[in-house]
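*Asks:* Sequence:
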Amino acid sequence: MAHTIAVAGKGGVGKTTLTGLLIEYLCQKKQGPVLAVDADANSNLNEVLGVEVDATLGEIREEIAQAEISSTNPIPLGMSKQDYAEMKFSSALVEEDDYDLLVMGHTQGKGCYCFVNGLLTAQISKYAQNYKYVVVDNEAGMEHISRGILPKVDTIILVSDCSRRGVQAVGRIAKLIPECGLKPNTVGLIVNRAPGGVLNDGTKEEIEKQGLTLLGVVPQDEQVFEFDCDGVPTVKLPEDSPVRKALYDIIGKLDLS
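Residue 487 is where the sequence shown starts when you use our numbering, and the numbers rise one by one after that.
Don't read these hints as lab results, they were simulated from the structure.
Take these hints with a grain of salt, some might be off.
To be verified - Just the calculated beta-carbon pair ranges, DEER-fashion: (1) P728 to E665: 35 to 41 Å; (2) S566 to Q514: 38 to 44 Å; (3) K515 to G564: 43 to 49 Å; (4) L563 to E725: 51 to 57 Å.
Using N, Cα and C, we set each Cβ at its ideal position, and we do this for glycine too.
Starting from the given sequences, assemble the full structure and let the hints guide the process.
*Replies:* Okay, structure coming up:
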């Protein structure tokens, strides 16, 4: 079974940037193969990685959920809804040299998605057999994890900026982990975008108050912002990038076996 790494935190703290660099680290160290899962409704992990995505699982899920009430049923005559779903889900897998990417996306319609959510869970479980690592970029909070879409989670990396409110937010997420029935081997905090890579005493105090384990600090770097503005994939940051170097140092100290 693959080692599953989930990255979580409130919105706007750089989760996706760090997730992309984490995937890049695993690929560079030849620790793959890696299945990357973008579980954020505002999907942009593919942009950080620099790959194109033609269809998201959410779009496929919506299509299947609406199939039976649509005037033009997209499911071919004689094909079951389950077989059609598996065919479409398989086609949504973006295959790269060192990793593959699944983008969950979101749906616009209303109603019960129990059937297709069950298929999605089964699909990820099936894929996980073929990878050493599954790396999941979550939406703000723990919603996708709490739905039980992931078969298990071994490592949870919480990401915050260096504000007290950011640390408080991940503190609340950390408290949800046992409530979701999860028993990860490692739960830790990365503070991102810290000026000069240094935490002030107030932030340190809040981390201790929330009972969080600090894995490390990633500095603020304008080059990440410039890459984003120019549409350059973040994984193309130079080897001497302070963000890349700090994150790689943190990941290297984790037990991801």
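*Asks:* Now look at each hint and say whether the structure bears it out.
*Replies:* These are the hints, each one checked on the structure:
1. P728 to E665: 35 to 41 Å: For P728 and E665 the Cβ distance comes to about 36 Å; the hint holds.
2. S566 to Q514: 38 to 44 Å: holds, 42 Å
3. K515 to G564: 43 to 49 Å: Between K515 and G564, where Cβ atoms are some 47 Å apart, the hint holds.
4. L563 to E725: 51 to 57 Å: Since the Cβ atoms of L563 and E725 sit about 55 Å apart, the hinted range of 51 to 57 Å holds.
Hint violations for this structure: none, all hints satisfied.
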